[in-house]
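Undergrad: Chains as they are written, first to last, in this note's numbering: chain A, 1 to 94; chain B, 1 to 420.
Honestly, the hints are just simulated from the structure, not real lab data.
One or more of the hints may lead you astray.
[As the list claims (entries may be wrong)] Interface residues of chain A toward chain B, partial, derived using beta-carbon atoms under 8 Å:
1. Thr62
2. Glu72
3. Leu87
[Stated by the list, open to error] Per the computed footprint, the stretches of chain B lying under chain A, defined by three or more beta-carbons under 8 Å from a beta-carbon of chain A, are:
4. 47-60
5. 349-360
6. 370-384
[Unchecked claim] Derived BS3-like pairs (lysine-lysine); straight-line CA-CA distance at most 25 Å:
7. A:Lys57 to B:Lys179
8. B:Lys179 to B:Lys223
9. A:Lys46 to B:Lys223
10. B:Lys223 to A:Lys51
11. A:Lys51 to B:Lys179
Idealized CB from N, CA, C, for every residue including glycine.
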Amino acid sequence: MNKIPINIWINESRYQQLCQSGLEGMTKEVLAGMKVLQIFCTEEQKDLLLKRYPQAKYDQSTTKSIELLPAEFKENLFNRIVEKKSLDVITELL
Amino acid sequence: MDFIGHGNTVIQERKMNSSEARQLVEKTKQIPISSRVARECIDLAYGFFTPLIGFMNSATLNSVCQEMKLIDGTLWPIPILMDIDKSTIDKNNLKVGEKVILSYEGVPLALMDIEEIYQYEKQKIAQAVLGTTEKKHPGVMMIDQWMDYFIAGPIQLMNEPHFQPPFDRFWFTPLQLHKIFKEKNWKRIVAHQTRNVPHTGHEWLMKGAWFSANGDLSVEKLKTGILVSCIIGPKRIGDYIDEAILLTQQELNDSAYFNPDIHMVSFVLWDMRYAGPKEAILHAIIRSNLGCTHHMFGRDHAGVGSYYDPYDAHRIFDEIPEGSLSIKAIRLLEWFYCPICQEVTYSGLCGHTKERQNFSGTMIRSIIQDKVQPTRLLMRPEVFQTMMQSAEQYGFGSPFCNEKYLKERRPIFILSPVSK
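Based on the sequences and whatever the hints tell you, model everything.
TA: This is the structure in structure tokens:
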């Protein structure tokens with residue numbers, strides 16, 4: 001079951017792209033007004049990501065999410081979401 | 001005027017003039033030292049570690065490990081040691097009673113009167129100080145990498161470090177800080193230790209501590225100040241670059257989020273041991289030597305992983321003998337954002353426990369790494385801007401340490417050659 005989030009932070013321009021894809025309703029506010037789009041991974045996908053990107057971190061204490069993934073990977077993830085108009089993209093990027 | 005530091009000891013700088021240093025270079029053996037030892041030489045020489053005047057001998061090390069005290073009974077939680085390898089001892093025929101120059105990157109830094117050369121089981125040090133010998137603990141890793149011998153004795157600085165921009169703006173010795181506090185007429189000074197670019201949670205931590213420290217003092221003429229005391233030491237990939245830490249902390253002052261009359265930024269050279277509660281005591285000692293009267297301790301101070309309970313660094317202050325420290329610990333819970341109150345608030349005060357949004361340092365780093373500007377409730381826009389400027393100017397485009405930064409960054413300080 002996919003349950004571990006990757007947070008993609010949403011600024012103005014990303015929000016507009018999401019609106020165009022009809023995905024703006026998928027964002028939520030998590031921290032002091034910061035909008036985030038959450039993509040969920042399985043435990044196995046989390047391990048694979050942490051192995052592939054050693055600087056990334058699973059924040060066990062507060063957010064329980066995968067953080068510090070390279071900006072390029074997250075950019076790809078976001079572009080693929082917008083292109084596919086779906087959040088179900090993690091498998092194809094691993 | 002004398003300024004008194006930890007252990008009721010007068011703070012004294014231990015340094016010699018340049019002609020003395022030049023004469024010594026001609027006739028004295030020189031041995032190389034690591035960057036950690038160089039930083040601790042500087043700390044010892046300027047009195048950051050008062051009452052220590054040099055690297056510890058085996059009797060003091062034993063006492064610190066077993067009783068958290070120096071030989072004379074002064075509270076001291078973490079050994080200050082100079083490690084050395086056997087081949088350096090043999091090659092230089094180092095002997096107790098002689099003087100040796102400690103040179104950093106080929107330049108003389110300090111002179112040591114050798115008092116003792118000894119061995120000590122490193123695992124015992126780790127167990128006593130860190131409470132573990134697990135190699136994944138970064139403090140254990142550090143101790144484990146030390147060489148097999150220790151060399152002890154008082155040191156004297158031969159060559160004052162020249163701090164490079166932007167560090168030069170923030171370098172203040174204990175004596176300088178005592179004088180500055182006196183000039184500012186600050187009666188109470190609360191230290192905030194940090195290795196972070198500040199988000200609003202940090203800002204409120206400092207503001208909350210200021211209220212605690214100011215306590216019963218008059219509020220008509222403010223006499224309580226905040227000293228942001230950044231830790232500058234070895235970096236790891238993903239840490240904020242040192243320059244961004246200092247400049248963004250100062251930005252809170254420049255942009256008047258803190259009244260400049262009650263706030264200043266400085267730094268201490270220190271290699272974190274991540275010793276949790278024991279390191280909290282050491283931080284309190286160092287800040288008492290800087291002239292601070294209070295030191296704030298938040299959640300998980302100097303901790304790592306799950307080696308210590310998040311509030312162990314608070315509780316240890318209940319266990320030390322009364323009067324053994326001249327600085328008071330201000331214990332703080334967490335500040336977080338409450339979407340109901342629509343403000344940054346304190347976990348001891350706000351009752352919206354289910355709705356609270358905790359500041360996660362990791363999450364904020366993730367936002368910045370995604371190059372998304374945080375909301376002003378999360379990070380002041382001027383702080384974000386300064387951080388990104390520091391990234392361009394000092395961090396090869398990133399506010400976080402990367403391999404290039406670690407390899408090619410500008411030195412924090414340089415030493416002038418001591419010519420014969």
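Undergrad: Does each hint hold? Answer for all of them.
TA: Hints, verified against the model:
{"no.": "1", "hint": "Thr62", "in the structure": "4 Å, holds"}
{"no.": "2", "hint": "Glu72", "in the structure": "10 Å, violated"}
{"no.": "3", "hint": "Leu87", "in the structure": "17 Å, violated"}
{"no.": "4", "hint": "47-60", "in the structure": "violated (count 0)"}
{"no.": "5", "hint": "349-360", "in the structure": "holds (count 4)"}
{"no.": "6", "hint": "370-384", "in the structure": "holds (count 8)"}
{"no.": "7", "hint": "A:Lys57 to B:Lys179", "in the structure": "44 Å, violated"}
{"no.": "8", "hint": "B:Lys179 to B:Lys223", "in the structure": "15 Å, holds"}
{"no.": "9", "hint": "A:Lys46 to B:Lys223", "in the structure": "51 Å, violated"}
{"no.": "10", "hint": "B:Lys223 to A:Lys51", "in the structure": "52 Å, violated"}
{"no.": "11", "hint": "A:Lys51 to B:Lys179", "in the structure": "51 Å, violated"}
Of the numbered hints listed earlier, those contradicted by the structure are 2, 3, 4, 7, 9, 10, 11.
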